[in-house]
Structure formats: structure tokens, C-alpha cells
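Asks: Each chain, letter by letter, is given below.
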Amino acid sequence: MNSTFQPDSHPDAESLSAFAEQALPEREHSQVLAHLAECSRCRQVVFLAREAASEFEMQEAAASRLELDRAAAYDFAAVMALTPEPMAAAGAASGRMAGKRQGWWPGGWRLAWVPAAALVAIIGVVVFVHVQSVRPGFESGVKLALNVPQAAPQPQPNPAQPPSADKAAIEKAKPAAPPIAAKAPAGKVLTASASAPSEAFSAQAAPPPQAPPAAGAVDMSTTELNMARSIPQPQGQGAGMQSNAALVPHATPATATPRPAVFVGGNSFNDTRAGTPSVTVHGAAGKVQASRSVSAGVMAPQSALESASMGSFVSSQQLSESKAAVVAAHKAKITLLPSGLRAVSIATAQHRTLAIDSSGTVFLSEDSGIKWEPVARQWSGRAVVVRIQDGLKTDRAVTAEVNVASSEDESNRLNPYSAVVPPAVFEIVNDGDLVWVSADGKTWKAK
Amino acid sequence: MAYLEGVGITPSQPVESSRPARVSVLPGVIHPALLEELWRQSNAGAYGLTRDEFTGTLLRIGNAQGYGCGQEWAAGEIPSRQQQGTFFRSLKLDDLILAQACAMGNERAWALFLALYRQPLLRAAIAITGNASLGSDLADQLYAELYGLTVRDGERRCPLESYRGRGSLMGWLRTTLAQRHVDHHRRTHREQPLEEFDTPAFDPPSEKPGGELTVLAKAIEAAVGRRQAEERFLLAAYYLDERTLLQIAQVLHVHEATVSRKLRRIVDDLRKQVLKTLQSFGLSRRAAEEALQADPRDLDINLKKLLQSSQSDTFQEKAAL
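Which chain is which? The protein sequence lines are A and B, in order. The numbering of the first sequence is the numbering used here, which starts it at 307 and goes up by one. The numbering of the second sequence is the numbering used here, which starts it at 832 and goes up by one.
Bound conformation, chain A alone (with noise of 0.2 Å):
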């Protein structure tokens, strides 16, 4: 046993690390032990010795773990790739883990986050193809809405066809229009509002001057689809009001006042009763699309309608109606008319809705859109755009006012409806922007 020692009587460099490592037999093994409670010499060497050891298994540990983790990584490529030579190379790498893998999942949890990804990218995709499901209907009708001017003249409809001769016509007039619309951007459009043409419509057929709505007023009764075309916009207005006076043509340039440009709507085209907010919808010709049409194309809807708060007297409710009213749109514009044609102007005001289709036959619904009656032709031309005629007070409009005027009228304020509504005009416009009102929908005398 002498051998084991050093000649300082110190046990030798292997007795002690036999010893950390418990490879001493037992007597061996209290010898060195008390060799080491007496000689603090052997005890830092042992001490030192161990620490190391410690810190070389911490890194072993760590550079394991690294190849344990590129074994997995390379076994997943191996599987994916599914060639016979990372199958082998796999194959061997799965031999060194196999100690490690057990239960169910084969690969460990490392390998977990293949699936997890897999799955978060396919929801992304799903909510990506939703949402541009949901969007393009919006985008495309304010775009369409703001290239109208522009667009290619419709046919001219036959009165003495059928409806299925001019839904023949609007299908071949279809592909005319997408192509101007791509040629002319909306940024475009919008500032051509005070070119020439729009000056040569205004002056040829600009409705009749009209006292602006009060301050804070807002159409809360009317709705209008009006999809065929718009009229153009009257100048010195904002880049929203410019738009929206484009497109509804009862929105007379207001110069102190503007008109807001939110037009607070109920929930859908069918579900519109009477007194109940509306909507204004503009679209496209045949298009199975709705816009926002109370937003310019330069401003995201959310701001146009945070614009139209700043600048009228339009609640937080009023704001959310809006919205529903927007998704209320585009849920009326998938509405098929009697003839089998989808609306392209539509306007309600109480009971009743008004309807043109894409062949210029109008349809009148006293139910809300349940039920549609044509209504006998006594206009000249082809009817493309129906509206409520500007000016006329509606119920909230008055509200609003009595709101503004009278603070003290407390039950007028809680309840917006409790005004007396006078009743609404509605006027239709042919495509010679001759105008025809009627008070029921069902007799027209020309403007």
C-alpha cells in the first residue's frame, strides 16, 4: 500500500480521485477520509479536482443536449426529406437516441414544435383567405364606386326586352369595366373630382341647390345602393366629402357645414324597417360587392368615420351602427331581384325600398324587401340611380337638432325617434340625369 503514496505521505493523485469518484474499497476509503479531515492540501486538491469534474459534466450536458437536439433536427430532415440516405443517416442517429425516446411522441418534445408550427401557419392561412374574402368586396366597391365616372357606357336597355335580354346585355358589358378601373386609381379619380368632366356634369345636371343639412345632422332613414354609377362630386370639399359627395348626389356641397359622411345604417337591405337607421351602398354593376361608401378611397374606413364624428354630431353608437350597417351592405348586396338581376341602386326610406337592377326595371318593397313589386315605367330613358331626395328632414336629423337646440327637451334627446317624420321623395335619375319623384314609389311626375 505504500506504493499509493507520494513521498510527502500524501495519498498519490489516483487514491484521491479514486476516492471522489467512490472507486476506493471501504478501508481504503476511510483511510483517504481521514487523511483528508486532517490535510487541508488533499482536501482543496479533491475539492478542485471535483469541481471540475462538475463543470465539464455541466458542459458535456450542454454539448449533448446541442447534439441530441441537431440529431432530432436531422432526423426531421431525414423524414421530410424522405431520400434513403437521410432515412439511414436518421436511421443511425435515431440508434444513439433511442436510449432517450420513449412514450408516445417519437421524437421528444423537441420535435413538438414541427406540428405546432405546421398548425399555427394553416390558421394563419385560413384567417389570411377569410379575411380577403371578407375585404375585396369593400376595397373593390370603393374603388368601383370611385371609378364610375369613368366607367364604360352601359348598354342601353330595350324596354320592350325582356329581362333576361338585358341581363345578356350586362353580361357582355361586364368585362368593360374592370379594365378602367385598374387604368384609373383611385387616388386618380379622386383628385379629377374638379376636372372637366365633373365640371361639365355638374353644370349639366347638378341637382338643384339645396339648404345644407344642420350641423351635426345625419341621415339616419334613408338607404341607398346605388351601384350602377354615381354622380360627380361637387368641388371645395375634403378629400372624404369630395368622395362621398360623388357618390351621393343629395349631398350638396356644403361649405360651413359639411355633410358628414357616416350614414348610420340598419342591420341589412332586407332587414331595413321603417324609422330604423340606413345605409348608403355603392357598387358595381353586376358585381357582388358593396363599399364603404361613407369613406374616400384615400381614407381607411376607421378614420373616415372617425372624421365623420369629429366633424358631426355622431355618437359612439352611431359610429358602431355604421359598421354593422357596412356588413349589413354587403349582406344586401347578394339580394336578387324579381328579374334575376342583382340591385344596383337602392334607397329606403320607412317602409319603403326602392330597387333598380343592372337592366333599369325598378322594384318597389313596402315590406322591407320581402316581397318586390315592379313598378310601371313612366320615365323616359333607362333608370339607373334611385335616391331619397336631399333636404328633407329625417327623424334623427330633426333629433339631432332638437338635441343641439333645446337641452331641456329631455325625452327627445333619450329617445331619437319620437320626432315627427316628414315623408321622404324618392327620386329617380335616368341615364340622361333627368330626375322623376315620387312620394310612394309607385307614381312618378318628372322634376
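It is possible that some hints are incorrect.
[Unchecked claim] Now the in silico label distances, taken between C-beta atoms and shown as ranges:
no.: 1; chain 1: A; residue 1: Ala367; chain 2: B; residue 2: Leu965; range: 17 to 27 Å
no.: 2; chain 1: A; residue 1: Ala424; chain 2: B; residue 2: Leu947; range: 34 to 44 Å
no.: 3; chain 1: B; residue 1: Thr1075; chain 2: A; residue 2: Arg371; range: 19 to 29 Å
no.: 4; chain 1: B; residue 1: Pro863; chain 2: A; residue 2: Ser336; range: 34 to 44 Å
Simulated from the structure, these hints should not be mistaken for lab results. Quick reminder that beta carbons are idealized off the backbone N, C-alpha and C, glycines included.
Chain A is already provided as a structure; the job is to place chain B on it using the hints.
Replies: Relative to chain A, chain B alone:
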């Protein structure tokens, strides 16, 4: 010679010439079947060792360690095959043969040794010294020693010859590094420049402690002196070396809670024993407890000396029994 690049030393003679020519015939015979089994187990053929060299190495190691039979084995006695098998199988035979082959100057063994242990050795040296440059120096120095650059009595000495395979070769290397580092530190840590040397002030002779304190010191000496080796090791490691419970637990291969429990029990036992000793000296229980409240600085006791010069025999004396 790749390992020499790390060392920075060019040997004066090739490794082959440093091979110790003392693979002599040793008494004893290893059973051929066991020899074959050990040959395969140790992978000795990969290093280019011959069967004779392998057998001579095993016999030398077996004789040096008495085939694990301790004092019962008499030199020159031929152990049974079972004794031989038990002994050799308890060794880290692959590490042992690699180390012996390196000590004999086998190039292939050296190449494998460097491939296996170069980086771990450097990392261990850095961990021990706590400094990259010092660790690198320490590792390089050990490489030089392992290579056999140390010449004693005209013969190259390789520390690997002293490795006998009871622990792992890596553990042996780490312990050797730690020994080198501790020895170097002990040699140099008291060195200081002369200009900073300050003459110590005159220390007046301390007053002799009172009789009660003298009794207390004797009681403590008696109590500590009767502690077992493991208990003294725990006390020294925890209170003198200020090792953590975790460090102590790692050395003893127990949980640190076990170390904590043992330490508490040892301290309680020491206190009880000191009280008992004080009472045996004629103090009352209350007086003995009051004596334990004394300021330790008033006691003329060197615990370090006390723990490290206990009544137990030294390691060398014990081992020689």
C-alpha cells in the same frame, strides 16, 4: 508530435526511445481465457501492443496492488483465476492500457490520448485555475510531464506510469492538475515584494486565560479529538475551508441535505460532549452552560490545528498497517 505544439517544447529524443525497457518478466501467470477476455476488453490491439507487453503490464499492475487481496496476498503468490478476474474487471482496463501504452511511448496510443483528453484537460485546467492563460500553462506543463520530459536517474519518467486504473483516467488527470496547481499556489502565495514587507508591531504577551476558560478549552479539545474521520472531515471542510454543502455533498456522493443534517448533529453532539466534560471537571450544569457563552476570541484554541492533528494516526501510518 501534435501534442508538442501545445506544449511548445521539442523533445530531445523521439518518443520511441523513451519507452521504458522494464517490461520484465514478473512472477505469476494470467489464465489464457482471462487474458483473451482482457485483451478484447482493453482494445490493446489498437495501440499496437504485443501480447507479451500486455501480459507484462497486467502482471506488473496486479503484483503492485496485490490483485486486490490487500494484506492477505503475499508477494510472489500466484492468485487464483477468480481473484485475477475479479481484480482486473474492477479496473478501468481500457484507460489503464492506454495510459501504460502512452507511458511506453506508443505513438498510436499518444494520438488517441490527445484526441480524447486534450480538450477536456485544458478545460479542467482552466476550471481549476479560474483563468484561461494559467489553465493553459498548467495543462501544457502537465503535457510535458506526461510526455516524459522529466528525467530522473537518467531515465525518463512519465506520471502515467503511476496510474493503475482504479479511477478513471480523466479523474486522475484532473486530480493531478489540481495537485500541481495547489502545490504551485502553496509555494508562491506567500511570496511578496520586500518593499511591501511591513515589520509587525510588537505583540505584548497575552494574559493567561482564567481557569474557567482553560477548562473550556480542554473540554473542546477533548470533544473534537474524539470525532470520527468523516465528522472531522465535515467540520474541516465546512468551517475551516468554508466549502458549501453542495461541494461537500458532491465529494462524498450524498445529498447536501444529508451533509447539513450530519453537520447539525455533529455540532449538537460536540456541545453535549463539552458540557459533559465541563461537568466532569466539577462545574455545575448552569456554570457549564455559562462557560459555553464565552467569547471564542478569549479562548486559546486553534481549531485548525486541533482538527488537523487529532488523535488518529496519520494516513501513512494507517496505510502501513
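Asks: For each hint, tell me whether it holds in the structure or not.
Replies: Hint-by-hint comparison with the structure:
1. Separated by about 25 Å at the C-beta atoms, Ala367/A and Leu965/B satisfy the suggested range of 17 to 27 Å.
2. Range check, Ala424/A to Leu947/B: Cβ separation about 42 Å, and the 34 to 44 Å hint holds.
3. Taking the beta carbon of each, Thr1075/B and Arg371/A are about 26 Å apart, inside 19 to 29 Å as hinted.
4. Look at Pro863/B against Ser336/A: about 37 Å separates their beta carbons, and that is inside 34 to 44 Å.
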